[in-house]
Amino acid sequence: MEIETLLPALAFYLFAGVAVISALMVVIARNPVRSVLFLIMTFFSAAALFVMLGAEFLALLLIVVYVGAVAVLFLFVVMMLDVDFVELKQGFAEYLPLGALLSFVLAVELIILGATFRIPKEFVAQTPITADVSNIEAFGRVLYTDYAFFFEAAGLILLVAMIGAILLTLSTKKDVKRQKVCEQVSRTPKDGLKRVDVKPGEGI
Amino acid sequence: MSGLLLDYLPILIFTAIALVISFAFLAMPLIMAPAAPDDEKHSTYECGFPAFDDSRMKFDIRFYLVAILFIVFDLEVAFLFPWAVSLGEVGPYAFWAMMVFLGELIIGYIYAWKVGALEWD
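Chains L and G, in that order, are what the protein sequence lines are.
Taken in order, the first sequence gives residues 1 to 204; the numbers are from this note's numbering.
Taken in order, the second sequence gives residues 1001 to 1121; the numbers are from this note's numbering.
The hints are simulated quantities; they were obtained by calculation from the structure and are not laboratory data.
Take the hints with a grain of salt, since some may be wrong.
To be verified - Every beta carbon over 10 Å from chain G, so not counted as near; a handful from chain L, in silico:
1. Ala-16
2. Met-25
3. Val-27
4. Met-41
5. Gly-54
6. Gly-91
7. Phe-92
8. Tyr-95
9. Ser-103
10. Pro-120
11. Gly-140
12. Ile-166
13. Leu-193
14. Glu-202
15. Ile-204
To be verified - Using 16 Å as the maximum straight-line C-alpha spacing, the simulated EDC-like pairs for lysine to aspartate or glutamate come out as follows:
16. L/Lys-173 x G/Glu-1119
17. L/Lys-180 x G/Glu-1076
18. L/Lys-177 x G/Glu-1119
Glycine included, every Cβ here is placed at the ideal spot set by N, Cα and C.
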């Protein structure tokens, strides 16, 4: 086989294999912090697969947003949970039959869905991507015009997430002295100085 | 091989070299370094002390808040990139769509600033 076809195929199988194995390790790793690190590895391999499809922007977005932000958040959550995992695993044998039954049903459903689902024809290659338009440009052409409503809705969802997180987690301590730059800078000698007429033989 | 993938070939080679070197430095001590462990060597060094309890402890919830705020603004910037690239073609409608989007998030930003979520006390 020629190198032009061999190298991309090799790279694809490498990254796909790493993605599948690390996704499996996310589930079976005993230490949850390791699970998150394997999740990051899965994201990286998925980004490499995106690059191989020509979706450069998506690939870099996956790294910036998922690896840079979401995985860090997961790490925080895992570390904040402070779960005793030895204790958590004690009921394992007890719940095994029910869990096995449920996962069997889920697996059957997924297999049936995967075997019968066909992508409708109108979704396939509706707008052929020409080689002279880069991935990011193709996004920009439709995202802010044809899909402007969804774009604004995404902004509202982000706003709600932000305000919700602040409301849920913010607790201001009353007795903490904060730096208030405006007040500190606008202070005059009048506010800070006081002349006291001290009589001899007495304190203030 | 298409031109796009050819552009990424140096990164692949770079990654491969980085993997080889890092694994080599992991593997070399296993093969070459002498290992004769005993109880004294594994114990805490004489000026240290044994751990009081588990090193796993609860984080301050503020780290979580900072991470959430970071995700929100990270996504905002991610939306800005395609906009900046294609603004010349899509015209004023897209410009104002982005301004509305930014306005939505600026409301959140002002709120976060006002209630002191950006401060660390």
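Hint-by-hint comparison with the structure:
Against chain G, the non-interface label of L/Ala-16 holds: every CB pair exceeds 10 Å, the least being about 14 Å. L/Met-25, annotated as away from the interface, keeps every beta carbon of chain G farther than 10 Å; the closest lies near 17 Å. Non-interface status of L/Val-27 relative to chain G is upheld: no Cβ of that chain comes within 10 Å, the nearest being about 21 Å off. Non-interface call for L/Met-41 relative to chain G: holds, since the shortest CB-CB distance, roughly 12 Å, exceeds 10 Å.
Against chain G, the non-interface label of L/Gly-54 is violated: not every CB pair exceeds 10 Å, the least being about 6 Å. No beta-carbon of chain G comes within 10 Å of the beta-carbon of L/Gly-91; the shortest separation is about 21 Å. Under the 10 Å C-beta cut-off, the non-interface status given to L/Phe-92 relative to chain G holds; the minimum distance is some 21 Å. Non-interface call for L/Tyr-95 relative to chain G: holds, since the shortest CB-CB distance, roughly 24 Å, exceeds 10 Å.
No beta-carbon of chain G is positioned within 10 Å of the beta-carbon of L/Ser-103; the least distance is around 29 Å. The beta carbon of L/Pro-120 is kept farther than 10 Å from every beta carbon of chain G, the shortest such distance being approximately 26 Å. At roughly 3 Å, the least C-beta separation between L/Gly-140 and chain G is not larger than 10 Å, which violates its mark as non-interface. Non-interface call for L/Ile-166 relative to chain G: violated, since the shortest CB-CB distance, roughly 5 Å, does not exceed 10 Å.
The claim that L/Leu-193 lies off the interface holds: its Cβ sits roughly 29 Å from the closest Cβ of chain G, which is beyond the 10 Å cut-off. For L/Glu-202, the requirement that its beta carbon stay farther than 10 Å from each beta carbon of chain G is met, with the minimum near 40 Å. No Cβ of chain G approaches the Cβ of L/Ile-204 within 10 Å, the least distance being about 33 Å, so the stated non-interface status holds. For the proposed pair L/Lys-173 and G/Glu-1119, the alpha carbon gap of about 11 Å is at most 16 Å, so the pair holds.
For the hint linking L/Lys-180 to G/Glu-1076, the alpha-carbon distance of about 29 Å lies beyond 16 Å, and the restraint is violated. As the CA atoms of L/Lys-177 and G/Glu-1119 are separated by approximately 12 Å, the hinted pair is consistent with the 16 Å bound.
The structure fails hints 5, 11, 12, 17 (numbered hints given earlier, in ascending order).
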